[in-house]
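Residue numbers (our numbering), protein chains in the order written: chain A, 61 to 186; chain B, 3 to 107.
Think of the hints as simulated: they come from the structure by calculation, not from any bench.
These numbers were taken from a predicted model, which means no experiment stands behind them.
Where a beta carbon is used, it is the ideal one built from N, C-alpha and C, also for glycine.
Accuracy of the hints is not assured; some may be wrong.
What the hints assert, rightly or not - Between beta-carbon pairs, the in silico distance windows are: (1) B:Gly93 / A:Glu78: 35 to 45 Å; (2) B:Gly93 / A:Leu105: 16 to 26 Å; (3) B:Ala105 / A:Gly72: 56 to 66 Å.
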Amino acid sequence: MSLKTPLGRVLGLGSAKEGTDHWWGQRVSAVAMLMLGSWFIYSLLQLESLTYLDVIRFIGVPLNGVLLSLLSITLSYHSYLGVQVVIEDYVHAPGTKVVSLLLSRFAHVFVAIAAVYGILVIGIGS
Amino acid sequence: MVLSILHRMTGVAMSIGLIVLAAWLMQAAAGPEAYLRFTVAMSSLIGKLFLVGWSFAFFFHAANGVRHLAWDTGRGFDKRQADRSAWIVVGFAAAATAAFWWAAT
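Could you build all of it, start to finish, from the sequences and the hints given here?
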């Protein structure tokens with residue numbers, strides 16, 4: 061038990077050094093998502109249909125595969141940063157918070173890899 | 003004020019949508035039968051409601067995100083401008099969602 065104020069305890073320790081990275085990463089991925097998202101919406105509207113053959117043909121075009129992979133990775137990253145803030149704001153119990161952040165990280169990496177893997181399988185198969 | 007919480011809610015909604023996006027790609031990679039099961043599920047009434055919801059979430063979050071990026075540069079902060087841009091964001095999101103589904107169907 062310390063009699064120091066919370067401010068007194070942290071003064072001089074320096075920042076966690078992660079604040080600007082998080083803020084900047086969110087902005088950079090936001091700008092990237094504006095472009096990739098617009099492309100994706102446009103592409104969906106250009107698609108003949110969402111049936112198997114049309115979708116496979118679309119994803120199999122190399123440039124589409126690259127942009128879809130970029131979109132999946134950027135979206136996962138942007139989503140991870142956003143969900144992290146939501147967890148930090150609403151989950152206060154230290155244990156639950158760490159576990160939630162950990163699960164969120166695992167889930168986001170899993171989803172990003174799954175999406176890119178699916179795109180690769182389709183690209184190589186076509 | 004209301005838009006701030008809506009920004010979070012649409013963001014979290016799309017985080018869940020991201021799982022469906024990955025499932026779409028994985029099922030397409032898995033082959034025609036798996037893909038068909040996916041499209042049948044998404045064509046159900048609940049599936050369609052979610053898709054419409056995610057499209058609105060996308061347009062809203064994108065437009066409100068641009069608003070946030072403008073704020074980051076120090077612009078549009080006074081009350082009148084912020085109110086006006088809020089209505090533009092809501093109007094754009096509703097119109098874009100309607101236009102998207104009109105063009106898609």
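Status of each hint after checking the structure:
no. : hint                           : in the structure
1   : B:Gly93 / A:Glu78: 35 to 45 Å  : holds (37 Å)
2   : B:Gly93 / A:Leu105: 16 to 26 Å : holds (21 Å)
3   : B:Ala105 / A:Gly72: 56 to 66 Å : holds (59 Å)
Of the hints listed earlier, there is not a single one the structure fails to meet.
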